[in-house]
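There are 2 protein chains.
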Amino acid sequence: MIPHDDRKPTIEGVLAAARRIAEIVPPTPLLPLEIHGTQCFIKAENLQPVGAFKIRGGWNRLSQIPAEDMARGVVGASSGNHAQGVAWAAKRLGMPATIVMPNDAPAVKADNVRALGATIVPYERLSEDRDAIAASLCEQTGATFVHAYGDSWVIEGQGTAGVEVAAQRAERGLPAPTRFVAPCGGGGLTAGLALACPEAEIIPVEPEGWDDVTRSLIAGEILSVGSNPPSTSCDALQTLATRPINFDILQRRASPGVTVTDRDIREAQRFAFSRLKLVLEPGGAAALAAALAGKVPIDAGTTLILSGGNVDAQGFAAVIGSAD
Amino acid sequence: MIPHDDRKPTIEGVLAAARRIAEIVPPTPLLPLEIHGTQCFIKAENLQPVGAFKIRGGWNRLSQIPAEDMARGVVGASSGNHAQGVAWAAKRLGMPATIVMPNDAPAVKADNVRALGATIVPYERLSEDRDAIAASLCEQTGATFVHAYGDSWVIEGQGTAGVEVAAQRAERGLPAPTRFVAPCGGGGLTAGLALACPEAEIIPVEPEGWDDVTRSLIAGEILSVGSNPPSTSCDALQTLATRPINFDILQRRASPGVTVTDRDIREAQRFAFSRLKLVLEPGGAAALAAALAGKVPIDAGTTLILSGGNVDAQGFAAVIGSAD
Numbered sequence: 001m002i003p004h005d006d007r008k009p010t011i012e013g014v015l016a017a018a019r020r021i022a023e024i025v026p027p028t029p030l031l032p033l034e035i036h037g038t039q040c041f042i043k044a045e046n047l048q049p050v051g052a053f054k055i056r057g058g059w060n061r062l063s064q065i066p067a068e069d070m071a072r073g074v075v076g077a078s079s080g081n082h083a084q085g086v087a088w089a090a091k092r093l094g095m096p097a098t099i100v101m102p103n104d105a106p107a108v109k110a111d112n113v114r115a116l117g118a119t120i121v122p123y124e125r126l127s128e129d130r131d132a133i134a135a136s137l138c139e140q141t142g143a144t145f146v147h148a149y150g151d152s153w154v155i156e157g158q159g160t161a162g163v164e165v166a167a168q169r170a171e172r173g174l175p176a177p178t179r180f181v182a183p184c185g186g187g188g189l190t191a192g193l194a195l196a197c198p199e200a201e202i203i204p205v206e207p208e209g210w211d212d213v214t215r216s217l218i219a220g221e222i223l224s225v226g227s228n229p230p231s232t233s234c235d236a237l238q239t240l241a242t243r244p245i246n247f248d249i250l251q252r253r254a255s256p257g258v259t260v261t262d263r264d265i266r267e268a269q270r271f272a273f274s275r276l277k278l279v280l281e282p283g284g285a286a287a288l289a290a291a292l293a294g295k296v297p298i299d300a301g302t303t304l305i306l307s308g309g310n311v312d313a314q315g316f317a318a319v320i321g322s323a324d
Numbered sequence: 325m326i327p328h329d330d331r332k333p334t335i336e337g338v339l340a341a342a343r344r345i346a347e348i349v350p351p352t353p354l355l356p357l358e359i360h361g362t363q364c365f366i367k368a369e370n371l372q373p374v375g376a377f378k379i380r381g382g383w384n385r386l387s388q389i390p391a392e393d394m395a396r397g398v399v400g401a402s403s404g405n406h407a408q409g410v411a412w413a414a415k416r417l418g419m420p421a422t423i424v425m426p427n428d429a430p431a432v433k434a435d436n437v438r439a440l441g442a443t444i445v446p447y448e449r450l451s452e453d454r455d456a457i458a459a460s461l462c463e464q465t466g467a468t469f470v471h472a473y474g475d476s477w478v479i480e481g482q483g484t485a486g487v488e489v490a491a492q493r494a495e496r497g498l499p500a501p502t503r504f505v506a507p508c509g510g511g512g513l514t515a516g517l518a519l520a521c522p523e524a525e526i527i528p529v530e531p532e533g534w535d536d537v538t539r540s541l542i543a544g545e546i547l548s549v550g551s552n553p554p555s556t557s558c559d560a561l562q563t564l565a566t567r568p569i570n571f572d573i574l575q576r577r578a579s580p581g582v583t584v585t586d587r588d589i590r591e592a593q594r595f596a597f598s599r600l601k602l603v604l605e606p607g608g609a610a611a612l613a614a615a616l617a618g619k620v621p622i623d624a625g626t627t628l629i630l631s632g633g634n635v636d637a638q639g640f641a642a643v644i645g646s647a648d
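Residue numbers (the numbering used here), protein chains in the order written: chain L, 1 to 324; chain F, 325 to 648.
Label pairs and their in silico Cβ distance ranges:
| hint | chain 1 | residue 1 | chain 2 | residue 2 | range |
| --- | --- | --- | --- | --- | --- |
| 1 | L | Asp312 | F | Ala439 | 27 to 37 Å |
| 2 | L | Asp312 | F | Gln575 | 38 to 48 Å |
| 3 | F | Lys332 | L | Thr38 | 36 to 46 Å |
| 4 | F | Gln575 | L | Ser322 | 44 to 54 Å |
Don't read these hints as lab results, they were simulated from the structure. Values in this document were obtained by computation on a predicted structure and should not be read as measured data. We treat Cβ as the ideally placed atom computed from N, Cα and C, and that holds for glycine.
The whole structure should be built from the sequences, with the hints applied where relevant.
If you want it as structure tokens, here you go:
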């Protein structure tokens with residue numbers, strides 16, 4: 001059973017999280033970008049210390065663990081970015097961390113998690129339930145389970161990216177953000193952005209065949225990815241289903257999303273390399289891929305979230321070295 | 325003969341340039357970075373619209389050309405980054421631009437210059453004098469020659485990177501910058517930083533065998549690189565000699581610099597890829613390379629300038645795909 005809390009994520013919680021995050025990391029850059037002649041913005045979350053936005057939710061969750069529970073540590077389950085966010089926060093707070101991680105996770109993510117002092121428990125992505133393994137570990141040790149997206153503090157933490165965008169726009173004399181296009185796995189980031197910026201449209205972007213959130217939004221109930229989903233380069237977005245805490249928010253606020261192909265993703269990674277001088281992992285390039293492919297509307301109020309850049313060198317070299 | 329002006333670059337000129345630059349591009353990110361356990365900062369000039377800091381000097385120079393001279397256009401000579409800065413500014417100002425560019429320049433740089441609407445005149449890097457070719461073109465057409473570094477407005481423009489760093493530090497409650505480590509070709513950036521931040525130490529970093537500025541600083545007079553310099557990956561830093569307008573400033577302000585090897589550069593490019601999620605061209609990685617190799621002192625007052633990211637995909641793929 002997956003532990004849960006009855007605490008609801010709120011905009012007040014996002015704002016409190018934003019104050020906590022501002023104490024530990026500077027805002028990531030919000031950069032102007034013209035796509036097909038239209039000006040929009042990108043938020044470079046790949047430039048976070050752990051190479052992904054997940055440091056936000058990880059820090060917000062771990063820093064709120066009661067003092068008496070800290071010594072027993074935390075357990076997370078993640079293909080690698082949430083893992084690094086949790087491991088980074090745990091190291092800084094002096095807590096032990098264990099990460100349940102699929103055995104096909106990119107080496108760079110596993111290496112970074114180990115370098116941050118966390119212990120990795122591997123599992124088989126499609127045949128084992130990572131959350132169940134994590135919950136079992138917590139029962140044994142009394143550690144706190146930190147869900148990758150179905151957690152109120154995590155959602156509020158991810159939403160701080162939206163608070164930053166709003167503040168950065170205001171500093172430049174621009175009106176409030178009107179649209180976020182964001183990579184979507186379980187819906188932690190998209191739900192957080194929806195809370196942070198209640199007036200903005202939220203468009204989730206999922207890999208082809210892993211569009212459970214979009215299908216759920218259309219169906220009006222939580223649906224899972226099929227039992228035999230296609231392969232995708234987006235390791236960070238391979239979540240099997242969103243959770244009620246995320247879906248309750250997204251159902252009220254998000255547009256049904258769009259899907260991108262691995263080819264769209266590679267195009268976006270090459271564009272980021274050659275034009276933006278940014279390294280993006282496949283999942284981190286999903287929103288940019290959707291914009292470049294003309295699959296989402298963009299305008300001067302739109303921010304594309306570049307969510308992460310943790311990609312193995314060989315794979316990245318192959319992508320930028322080819323043109324397909 | 326190379327045209328020159330008697331106008332001296334000044335800190336007031338740098339501050340005026342900073343106001344002009346602020347109107348057209350947002351500040352590039354100043355990001356914290358820990359190297360060998362010591363905290364310092366990096367200034368990500370590779371994230372400029374043309375992928376390099378040269379947009380600063382290009383814009384500052386071209387925007388000051390008298391109205392009656394604008395229609396006759398500009399001529400620049402550059403391996404590609406100054407070229408793009410000039411071409412970008414010329415396009416925005418509606419001026420024709422011609423760039424004298426070595427025939428071994430990275431394809432990405434030539435492509436970008438053409439995409440910005442400029443005309444390229446190729447030359448042989450080691451046997452022809454690019455400045456003489458450019459000067460001759462100007463005599464024929466009446467175009468304004470924009471030297472890549474030996475120009476007061478260009479120097480003042482490049483110095484605006486230092487103004488931004490000082491402002492970004494102040495916004496975060498940090499004291500004024502005390503040291504800049506910067507890639508050095510002809511000395512436009514280093515001279516500009518020296519003017520912008522009169523209290524800061526300036527350390528130029530040059531490729532091995534192309535350390536004419538360091539040798540000049542030690543000798544107390546301008547020396548050229550030897551007649552048969554070694555090959556270097558740093559196409560952007562292959563200038564044969566600095567010029568009096570730069571040297572006069574550097575002699576008063578800069579420490580004799582340090583040199584980095586192509587191997588140091590590759591290490592820095594890989595570090596930027598895997599840890600910073602930033603794409604750096606060889607020359608743009610020189611200051612980071614010096615810091616990683618322990619060749620320069622760093623501390624919390626130190627900023628390493630990451631000066632550019634215009635690198636061909638095949639070459640970059642080869643660097644990140646290997647470990648040497």
